[in-house]
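Make the full structure from the sequences, and use the hints.
As a plain string of letters, each chain reads:
4 protein chains.
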Amino acid sequence: MTIRHSFRNDYSEGAHENILKSLFETNLSQQDGYGEDDYCIEASRFIKEKIGNTDADVHYTSGGTQANLIVISSILRPYESVISASTGHINIHEAGSIEAKGHRISVAESEDGKLTPSMVKSVLDVHEDEHMVKPGMVYISNSTEIGTIYKKDELKSLYEYCSENGLYLFMDGARLGSAIESRESDLEFSDIAKYTDVFYIGGTKNGALLGEAIVITNDDLKKYFRYSLKQNGALLAKGRIIGVQFLELFKDGLFEKNAVHANEMAFKISDAIAELGYGFLGTPSSNQIFPILPNELIGKLSEKYLFYIWSKQEEDTSAIRIVTSWATPVEAVEEFIEDIGEIKEMLR
Amino acid sequence: MTIRHSFRNDYSEGAHENILKSLFETNLSQQDGYGEDDYCIEASRFIKEKIGNTDADVHYTSGGTQANLIVISSILRPYESVISASTGHINIHEAGSIEAKGHRISVAESEDGKLTPSMVKSVLDVHEDEHMVKPGMVYISNSTEIGTIYKKDELKSLYEYCSENGLYLFMDGARLGSAIESRESDLEFSDIAKYTDVFYIGGTKNGALLGEAIVITNDDLKKYFRYSLKQNGALLAKGRIIGVQFLELFKDGLFEKNAVHANEMAFKISDAIAELGYGFLGTPSSNQIFPILPNELIGKLSEKYLFYIWSKQEEDTSAIRIVTSWATPVEAVEEFIEDIGEIKEMLR
Amino acid sequence: MTIRHSFRNDYSEGAHENILKSLFETNLSQQDGYGEDDYCIEASRFIKEKIGNTDADVHYTSGGTQANLIVISSILRPYESVISASTGHINIHEAGSIEAKGHRISVAESEDGKLTPSMVKSVLDVHEDEHMVKPGMVYISNSTEIGTIYKKDELKSLYEYCSENGLYLFMDGARLGSAIESRESDLEFSDIAKYTDVFYIGGTKNGALLGEAIVITNDDLKKYFRYSLKQNGALLAKGRIIGVQFLELFKDGLFEKNAVHANEMAFKISDAIAELGYGFLGTPSSNQIFPILPNELIGKLSEKYLFYIWSKQEEDTSAIRIVTSWATPVEAVEEFIEDIGEIKEMLR
Amino acid sequence: MTIRHSFRNDYSEGAHENILKSLFETNLSQQDGYGEDDYCIEASRFIKEKIGNTDADVHYTSGGTQANLIVISSILRPYESVISASTGHINIHEAGSIEAKGHRISVAESEDGKLTPSMVKSVLDVHEDEHMVKPGMVYISNSTEIGTIYKKDELKSLYEYCSENGLYLFMDGARLGSAIESRESDLEFSDIAKYTDVFYIGGTKNGALLGEAIVITNDDLKKYFRYSLKQNGALLAKGRIIGVQFLELFKDGLFEKNAVHANEMAFKISDAIAELGYGFLGTPSSNQIFPILPNELIGKLSEKYLFYIWSKQEEDTSAIRIVTSWATPVEAVEEFIEDIGEIKEMLR
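Chains as they are written, first to last, in numbering that gives the first Met the number 0: chain A, 0 to 347; chain B, 0 to 347; chain C, 0 to 347; chain D, 0 to 347.
Hints are computed from structural coordinates only; laboratory data are not their basis. Some hints could be false.
Because identical chains share one entry, a pair is satisfied inside a single copy or across any pair of copies.
As the list claims (entries may be wrong) - Below, simulated DSSO-like cross-link-like pairs (lysine-lysine); rule was C-alpha separation at most 30 angstroms, straight line:
(1) K311 with K222
(2) K20 with K256
(3) K120 with K49
(4) K250 with K150
(5) K311 with K155
(6) K193 with K222
(7) K20 with K311
(8) K222 with K250
(9) K256 with K343
(10) K120 with K250
(11) K49 with K150
(12) K250 with K155
Predicted model, so just to flag it, every value in this text is computed and none were measured.
Below is the structure:
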């Protein structure tokens, strides 16, 4: 039997059709390089409008690891560390990129992938003097690496705690679309602009070929940021190709539309699985869900679908990770749900 | 009067039409991420065939600065420096990216942008002991930042000198297409593979939206290279978008075709200018040419065309830089030539 | 009441008298700089003899953090990490110096401050691919930061595990004297030379004004080490001052004599405290001991002696840290013991 | 014939007798570690008094390369460079230590080892945008690496230029004693404190065993400096040993006395050589002088004295470097002078 569909991740396909079309249409226009083209400028205007902060600075990188390492290293002094949840992408899956820029990651253990003021405080409490690093900023992801999302009051209180304690707050938004458009979310773009010092909006996982938009709202962090981009190889000669894409995403709601679709597909699956009587790791909140299923069922399912087995649970059950995207076909989702039901029946 | 055409650089437009089409066609195929998709694998196969070395390793980055900083920092030990011509891109126009990775650039003065064994020797001669850095590799560009190109025997003798002196040789090929296809060139891809330890093939400036292909031929430099890519933010989640492009460029000669066109447009211009009795900085050899023209003529010309004024020459003449590309329209070139002739007449 | 004595650490006093005398005697001899003087050369000869490995390379630094950061950064490739116990000095008390050199510390939780093959394996097991750092070496301390020591078979099996798994083993010997001379120890200098790839012998905490001797036994790690020393500011113009001291320490047993004294003072205290019926964190093994005493007793004791309160234990008891050194006067120790007895009586 | 005396450098001997005595006297006093001992505190008080700025911060390192790399990397942002004369110690003889901290050195060619506002301006002029590094500070040495010294008005105008152009000014004072006490100098300590943002006072080359005192006068640069010291391995556990030495140097004029002696010995030699009719590279101004002598004379002289041959001059003459110190015996100087006279006679 061949594989019907991969739910492994949200970057398995190319880009939303409108984006490709726009690349075609703008292709022969002669433009300035390095992010100073008309499309970047226009896209940034739309983004600033969307977040309700026309003083913000917007910059583009080709990927999330690049965005993270540049933002973090542009903010910290050499002896400063960044506080991250133990599950934070920078703490595990970026090959030591933050340390390679000279900075320690001060880890706070987190069950649900999120940070709270008290977790941050517990890190500060054990950093007393110059024999240790000095935490200088806090890194969070929304949605997190395990699919959870920040509520407005959670983000607000974290931001306030950071401000009071001399820490900048940076949000990794590789999957920000899905977080904001979640049915569990009460956060809007304007809240994120208000309650962080800098964040980035992920394009790659929400319908672009590539590209993340870094948004800096804190004036202290704005100056000379393009030097950091250049020094780390992030200024593309044809910066236009990210500009064109973000323009397409933000000029009339494609960004939200893509995220809404990804979430709908995820919730369709999680609702169906719940109805079959199975539970989840955490509450399904975004385009990554973690159903806990019998191992036998998982075995059967994996003959037709690709997904990651996340962690053992009971003796005979495991959590799997299902990721949907702007490109996930409804038909594949419906077939997937049907197949789970049938396999369940079969295994009785 | 509006601007008719920009000759400022070779990254003013998007991508060759075939590349955009290919992105469209492959768009919905589900693929593995981070450069392990079918297109990257297939593109690398074509590249290895082209250079006549199936044992080579091929990797992709999104831009040239990124390629340079990753290759160089993956090779050098902390106390080692890279030797570069004074005109080398890494020495001036990459915002200290090499130093940011911890390495000094040991500069050899060069008039024509190229390095010779004796220039390299003169650098080695002044590095005596552990109070100074230890040169560990040599960086060259082909074509160079000022449009010149390496001949086969020049590259061969430089490579041999490097090998004998414990130096790796790395060629920055941001404009490799134009160099190889130059009417002045006797170099082929296979020579470059033979006479360097690692080089990269520039896609961005030869018809791609973005992307450079790093080719490692020296076994010592192959292992764990993907760690360096990841750590520096170069592994794109949708690595496929570079794979698709290089596949299109290398599967049936588009790479060469693009370069040939760029060179033809440049030579058309330089031949015409020579005929008008004007000289050049260096011999026009690739898609960057540097005609020396009367300042008055330059003034007039700049009302209709964009280009950089490179350097003052005599009292009333300057060198300008004209860059052509795969996208430069023949009509624009013909009009440009005609206009120079007319302005010359007019200014008599 | 004034403070009678500080047991806070083993670097509260200057240097052993013989060392100061030797500095006086050699003072006006004209010598080469940067560690190429007669004293450094002679001291290295004695050290190599002592460890039974005349092919070893010996280098000197002014302190332990400097030794650690230079050794580790000279060994690792940019994407590699160093494995350390959670209690490791580099992991907590060196202000992010390893990360500042670009490397992540991969932490293994350890109760007793030591690492075992299975702890190292558990770190390797979670580092799968290029999205994570690649562990390249193991860092251990002997004696550890909490006073424990490695037995010969423990070190041997750790070294063998490391060798089989492509990891270099580095021992931080800031308190190596006390470890080797411990009554609990069966390790000799020759074992350490055999079962590590590189280690350093601490002078500062064993009778010198300053200075640590790095001993490299693995040939792979020897070449160009002086470049790393210079680049990190460790080559002292008057390198002789460390040479003179290590010569004095190693020419006829002063190094061991100092360590024996420190240990004897510690054991004298721990034996007396045990006799009074109190317990310890771990088994007292070196010049750092951690008696668990009633808080009331600690309060009284701290009016006359300086020491650190290490950790709360029961409701009304705490562990304190007592550190002795080559300079600890027997009289101070005896008075301290007597005082504890008296306070205990008084508080009944 | 054996060597009578070495004039190779000013760190061939140990320390001034008073310093050794003071180390003896203070040896058994129990002190806090890491530069928080009574001697460091007291020494800093004397230094602040001497420079007439009681708000300055004073810190100690074990050597000059360490002082340079810490000061410079603590000031610069990642994309910033330090401007140095081509002859600057950091530019040549510190093994790439500045680059290893991530920063480029922007070089200004200098004939006499000094920088002027116009030289600095010429560097600023070629740094236009974010494709290049951004110069953030200026590094000068006094006395310079070739023995020249800054006059008060030269320093003042350089400082004013730097302030107006957003550049910090840092003076490397490895040989500051000899510079200040030069008969050519009109600079005092208070001028240096006024016309730099940070400088260091060299102990190693002016009578100490080791140690440099970093003096920070600009408030912007003071905070968290101890973190930088610790992170780079510069906080000695027994920081007292530098404190004791600087206390001895500054409590009643030993620092000046040592420098005066070094200069007197140099001038004694240069005056005698001038009288014999020979010239110099530059004007003899400090404890490094560069007489130009016949090669034959140099050959004879080198049988009895050690010194470096600096550079070829005419066909049959060369410049040699003669360095004197606090420890240079008058007798050796007199004999040296006599010998030159005799050899000159002999060679007629």
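#### Entry: K120 and K49: within-copy, between-copy, both or neither at 30 angstroms Cα
neither (33 angstroms within a copy, 43 angstroms between copies)
### Task
If the cutoff is 30 angstroms on CA atoms, where do K120 and K250 land: within, between, both or neither? Let me know, please.
Neither, since 40 angstroms and 45 angstroms both go past 30 angstroms.
### Query
Given a CA cutoff of 30 angstroms, do K250 and K155 count as a within-copy pair, a between-copy pair, both, or neither?
Only inside one copy: K250 and K155 sit 28 angstroms apart there, 53 angstroms across copies, limit 30 angstroms.
### Same-copy or cross-copy closeness of K193 to K222 [CA-CA at most 30 angstroms]
So K193 and K222 pass the 30 angstroms test inside a copy (19 angstroms) and across (29 angstroms) alike.
### Message
Within, between, both or neither: how does the pair K49, K150 come out at a Cα-Cα threshold of 30 angstroms?
### Response
within (19 angstroms within a copy, 54 angstroms between copies)
### Query
Between K222 and K250, at a C-alpha cutoff of 30 angstroms, which is it: within one copy, between copies, both, or neither?
Answer is within; shortest intra-copy Cα gap is 27 angstroms, inter-copy 44 angstroms.
### Task
Could you place K20 and K256 in one of the four classes (within, between, both, neither) given a Cα distance threshold of 30 angstroms?
Both: 17 angstroms inside a copy, 25 angstroms across copies.
### Task
Go through the copies and call it for K256 and K343: within, between, both or neither, with a Cα cutoff of 30 angstroms.
neither (33 angstroms within a copy, 57 angstroms between copies)
### Message
Cα distance capped at 30 angstroms. Does K250 pair with K150 within a copy, between copies, both, or neither?
### Response
within (26 angstroms within a copy, 50 angstroms between copies)
### Query
Between K311 and K155, at a C-alpha cutoff of 30 angstroms, which is it: within one copy, between copies, both, or neither?
Classified as neither; 35 angstroms inside a copy, 35 angstroms across copies.
### Task
Give the relationship of K20 and K311 under a CA distance limit of 30 angstroms: within one copy only, between copies only, both, or neither.
Close neither inside one copy (44 angstroms) nor across copies (44 angstroms); limit 30 angstroms.
### Task
Up to 30 angstroms between alpha-carbons, please classify K311 paired with K222: within, between, both or neither.
neither (47 angstroms within a copy, 33 angstroms between copies)
Of the numbered hints given earlier, the model fails hints 1, 3, 5, 7, 9, 10; all others are met.
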